[in-house]
Amino acid sequence: AQKVTQAQTEISVVEKEDVTLDCVYETRDTTYYLFWYKQPPSGELVFLIRRNSFDEQNEISGRYSWNFQKSTSSFNFTITASQVVDSAVYFCALSDRTNTGNQFYFGTGTSLTVIP
Amino acid sequence: GAVVSQHPSWVICKSGTSVKIECRSLDFQATTMFWYRQFPKQSLMLMATSNEGSKATYEQGVEKDKFLINHASLTLSTLTVTSAHPEDSSFYICSARPTGTGYSPLHFGNGTRLTVT
Chain A
1047 AQKVTQAQTE ISVVEKEDVT LDCVYETRDT TYYLFWYKQP PSGELVFLIR RNSFDEQNEI
1107 SGRYSWNFQK STSSFNFTIT ASQVVDSAVY FCALSDRTNT GNQFYFGTGT SLTVIP
Chain B
2 GAVVSQHPSW VICKSGTSVK IECRSLDFQA TTMFWYRQFP KQSLMLMATS NEGSKATYEQ
62 GVEKDKFLIN HASLTLSTLT VTSAHPEDSS FYICSARPTG TGYSPLHFGN GTRLTVT
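Protein sequences appear in the order of chains A and B. Numbering of the first sequence is given in our numbering, commencing with residue 1047 and proceeding in unit increments. Numbering of the second sequence is given in our numbering, commencing with residue 2 and proceeding in unit increments.
One thing to keep in mind: the hints can contain errors.
Unchecked claim - With a Cα cut of at most 27 Å, we get these calculated DSSO-like pairs of lysine-lysine:
1) B:K42 - B:K15
2) B:K42 - A:K1049
3) A:K1062 - B:K65
4) A:K1049 - B:K15
To be verified - Covered, in the sense of this in silico footprint (three residues per stretch, anywhere, with C-beta under 8 Å from a C-beta of chain B), are these stretches of chain A:
5) 1064-1074
6) 1115-1122
Said to hold, decoys possible - Chain B is nowhere near these chain A residues, computed Cβ spacing over 10 Å in every case:
7) A1053
8) I1057
9) V1059
10) Y1079
11) N1098
12) S1107
13) Q1129
14) S1157
15) I1161
16) P1162
It is worth saying that the hints were derived from the structure and are not from the lab. Beta carbons: idealized from backbone N, C-alpha and C, even for Gly.
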């Protein structure tokens, strides 16, 4: 069965600190995609990144970086030098070939608060 | 590109009335759209998959007569909460991806906050 676990419910950091959000997933499929979305207090969901199961290369985009490790079924997200605007709920999600890839399995989210 | 517009952003209605929420893909066609529900401080729960030209597919436990879904065109899906009750108060979010793009990211609307009094 598919499952996404975000063990950290809430995290608070002081501005400029680095923070890592954990994501562990389960799937029996060998072809799948992993995503991170950001949900600021306004409510909309903002797409951040997509990785496929065949590409374990880590990715960096500005202050954001992602570490994908198939050996541990993890797809962790690090924000470097955090800013107040990073305060939001972050969701990790998995999509595999079940239901032709239409089904997104979301984690329970990690609420990040960056304190000025 | 790939903008999803959801309307209204918030609505307050009286118990027993019905509320319609619209979800439009503004710059792409979407054969399939998805409706999620989110309770405070919780994750997104998939309610149903809206299919253009055919019936929606509802997740287990979601009342299809309560949450009517109509996918009238390739750019519009509507969710109608019928005979709303206070327990239907929630944040409803629609999402879509361009038709034929497989595992591409879902693009989400801004959500509708429904309050039933």
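Checklist entry - Is the nearest Cβ of chain B still more than 10 Å from the Cβ of A:P1162? => result Correct as stated: the minimum Cβ-Cβ distance to chain B is 23 Å, above 10 Å.
Next on the checklist: Next pair to validate is B:K42 with B:K15; report whether the Cα-Cα distance is within 27 Å.
Outcome noted: Roughly 24 Å between the alpha carbons, so the hint for B:K42 and B:K15 holds.
Checklist entry - Holds or violated: A:K1062 with B:K65, Cα cutoff 27 Å? => result At roughly 48 Å apart (the allowed maximum being 27 Å), B:K65 and A:K1062 break the hint.
Item to check | Status of A:I1161, Cβ more than 10 Å from any chain B Cβ | outcome: Non-interface label stands for A:I1161: nearest chain B Cβ at 19 Å, farther than 10 Å.
Checklist entry - Between A:K1049 and B:K15, is the straight-line Cα distance small enough, at 27 Å or below? => result Roughly 37 Å separates the two Cα atoms, so the pair is violated.
Item to check | Exclusion check [A:Q1129 not at the chain B interface, CB over 10 Å] | outcome: Given a closest Cβ separation of 22 Å, the condition holds.
Next on the checklist: According to the definition I'm using, a residue is off the interface if its beta carbon is farther than 10 Å from all beta carbons of the partner; does A:S1107 meet that for chain B?
Outcome noted: holds, 14 Å
Next on the checklist: Please check whether the beta-carbon of A:N1098 is more than 10 Å away from every beta-carbon in chain B.
Outcome noted: violated, 7 Å
Item to check | Cβ separation check - A:I1057 to all of chain B, threshold 10 Å | outcome: Per Cβ check, A:I1057 is outside 10 Å of chain B; nearest 14 Å; holds.
Item to check | Given coverage of the segment 1115-1122 of chain A by chain B, checked by CB-CB distance under 8 Å (3 or more) | outcome: violated (count 0)
Next on the checklist: A cut-off of 10 Å on Cβ-Cβ distance, and A:S1157 was said to be off the interface with chain B. Does that hold?
Outcome noted: Contrary to the label, A:S1157 does not stay out of reach of chain B, its closest Cβ about 7 Å off (not over 10 Å).
Checklist entry - Would you say A:A1053 is clear of chain B, with no C-beta pair closer than or equal to 10 Å? => result holds, 13 Å
Checked against the numbered hints above, the structure violates hints 3, 4, 5, 6, 10, 11, 14; every other hint is satisfied.
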